[in-house]
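Novice: Listed below are the residues making up each chain.
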Amino acid sequence: MQLTQRLITCAALTACLGVPARATAQQQDTTRGVRIGLTYQPGTKPGVVVFPVSGAGGDSLQAIVSRDFDYGDRIEVIGGDAVQETARQQAAKNAVDFTIWKSLSAAAVVQISVTGSTAHVNVYDVSAKKVAASHDVPVSGAPNTEDWRMSVHAMADQIEQWITGVHGIAATRILYVRGNRIYVIDADGFGEHPVSEPGTVLAPAWSRDGRTIAYSELVRSGWNIVIRDLATGREHSVTTTPGGLNITPAFSPDGQWLCYAHGDENGTDLYIVSASGTGAARRVTVGRGSDNVSPTFSPDGARLAFTSGRAGHPEVYTSDVDGSNVALLTPFNFGDQNYRSNPDWSPDGRLIAFQSQLDGRFQIMTITLRDQTVKQLTSEGINEDPTWAPDGRHLAFTSSRTGVKEIFVLDAESGRARQLTHDPGARLAAWSHSTSAP
Amino acid sequence: MTGKTRLLPFLLLAVSAAVACSHKPPATQPAATPGPNQDSINAENARRDSIARADAARRDSIARAQADADKLRNAKDAATKALTQVIYFDFDSDALKDDARSSLDAKIGIMNANPGVRLRVAGNTDERGSDEYNLALGQRRAAAAKRYLTDHGIAGDRIDIISYGEERPVATGHDESSWSQNRRDEFEITAGADQIKGAP
Chain Y
1 MQLTQRLITC
11 AALTACLGVP
21 ARATAQQQDT
31 TRGVRIGLTY
41 QPGTKPGVVV
51 FPVSGAGGDS
61 LQAIVSRDFD
71 YGDRIEVIGG
81 DAVQETARQQ
91 AAKNAVDFTI
101 WKSLSAAAVV
111 QISVTGSTAH
121 VNVYDVSAKK
131 VAASHDVPVS
141 GAPNTEDWRM
151 SVHAMADQIE
161 QWITGVHGIA
171 ATRILYVRGN
181 RIYVIDADGF
191 GEHPVSEPGT
201 VLAPAWSRDG
211 RTIAYSELVR
221 SGWNIVIRDL
231 ATGREHSVTT
241 TPGGLNITPA
251 FSPDGQWLCY
261 AHGDENGTDL
271 YIVSASGTGA
281 ARRVTVGRGS
291 DNVSPTFSPD
301 GARLAFTSGR
311 AGHPEVYTSD
321 VDGSNVALLT
331 PFNFGDQNYR
341 SNPDWSPDGR
351 LIAFQSQLDG
361 RFQIMTITLR
371 DQTVKQLTSE
381 GINEDPTWAP
391 DGRHLAFTSS
401 RTGVKEIFVL
411 DAESGRARQL
421 THDPGARLAA
431 WSHSTSAP
Chain R
1 MTGKTRLLPF
11 LLLAVSAAVA
21 CSHKPPATQP
31 AATPGPNQDS
41 INAENARRDS
51 IARADAARRD
61 SIARAQADAD
71 KLRNAKDAAT
81 KALTQVIYFD
91 FDSDALKDDA
101 RSSLDAKIGI
111 MNANPGVRLR
121 VAGNTDERGS
131 DEYNLALGQR
141 RAAAAKRYLT
151 DHGIAGDRID
161 IISYGEERPV
171 ATGHDESSWS
181 QNRRDEFEIT
191 AGADQIKGAP
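Those sequence lines, one after another, are chains Y and R.
The working numbering numbers the first residue of the first sequence as 1 and each following residue consecutively.
The working numbering numbers the first residue of the second sequence as 1 and each following residue consecutively.
Source of the hints: derived by calculation from the structure; they are not laboratory data.
Ideal Cβ positions, reconstructed from N, Cα and C, are used throughout, including at glycine.
You may find that some hints are simply not true.
As the list claims (entries may be wrong) - Heads up, incomplete: computed chain Y residues facing chain R, CB under 10 Å, no partners named:
{"id": "1", "residue": "Trp-223"}
{"id": "2", "residue": "Asp-291"}
{"id": "3", "residue": "Asp-322"}
Could you build all of it, start to finish, from the sequences and the hints given here?
Specialist: This is how it looks when you write it as structure tokens:
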């Protein structure tokens, strides 16, 4: 919220001065952002009309882009039959009547036409009554194939950036566990398919470029970490610490390292090995018989947050990647058997999401690293294992609110939640890091 | 000379009898019904008695052998049961409770009497808690049992451990009665299961 406000103030200022908007607080490149609509206020989403799309797969494309805007929670899609009929007429005449859209409080109109493997996108600023952005965007594959859908998502994310200044998260994917398989699903809930062989599998993680995943698998000697290339299906195990527990892998932001928990008869500690899972493992934590699991890297790769039972019950700690400067992050009440675990460091570095037990049920919380302010995000059912979307605003997590475990997506800013998976027993979600999935 | 002369009629008789035998079936004397011969009855009875006694003796010895085998099997069953007896834990704890210690003490006696026996300890948790942290907790529970056994003289290489976390519940309810059954160490005999003797 604070960030958004700051961004908007910044945007308003730069707009007055007539220089391109430039955001520094966000990781995303927002220099190409265009300011649309004078009514864009904090907490108010700009209204956008998506015109019917001409060309191959146009209806699907319009539906996907509109849904992506809706799920992104930064744009209010103005829809309805009357609006679509008017939009259809204007699109046919290729003439945008700004007066009508202004009366509907629209800030922008999006017009897309597909020719071959190229989509031409026009974004109109309703207040200024002019074209604000006009670009050709590649569309790959035949309509409604997985590749095509992903390229449409990427287009929607780009358009979202032109309108709001922030890249969307539609072209991302989420890994999760259901039954004896790791599955992947697109951020809009389509394209779900297994990406591991059947077995007892847990704790999937994405590489930074989204090309490989790591997860742990139960074998006779214990738990192995498996690294799998998604395109080829080729797998290999991390054999640096054979036997016992090898669980909860996490790739470093620069893609160079893999941090995971290794457990034997003397407790479970974090180790770091090269991202390929070969070579010598470097020990990070010295738990002295306690459990240290579920590592997550800070965005700059310099620090780790993890769950540790060193105080007698699980709490979230941070440390440098070499294991020094350990600090308790989550404040606990003395004498209380609290339980706080499964941290995930936000992409902007400011927050850590985690799960905390309240009245015997886990809920998703965030804590700021600067002043350790805790915010509770869920209250319905049991909610566990949060994972940040690359926009640092949405989270996916396991929720039992429907009576069975499913993956839900939550907009941490508005509190809006939607159900991502629709088969019972989904858990342990991991959101891809890249905003442009391969 | 006289001896020879006196033997001769007998020899002749014997020869004629032998010749008779070789040429026709032995005389059955159907006309002359034999009277009850007490001696042969006694002999027959004695024969039958001795067969019965032998049968009884054989039955006894089989029964004894079976009883011994049963006893051995019962002892083996009891030892196997004691070795694989599950131990239970409190929530988020790897501390061995009193009944867990007694169960492990029984295992120690049997393992000492059976040097060929090896065990695999599997640590399990209830569904509460983090799926990931529970793997580490299960590992600690299995390690706690192993440490107790090795602290009491059992060689460490006879015991291996594994954690299933909350992945293999025995009770699937969502209340304490199920949770308490799931917070456990299970013991699997991985070697020497066929030859197990009871503890002396």
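Novice: A separate judgement is required for each hint: does it hold in the structure or not?
Specialist: Right, here's what the structure says about each hint:
no.	hint	in the structure
1	Trp-223	7 Å, holds
2	Asp-291	4 Å, holds
3	Asp-322	22 Å, violated
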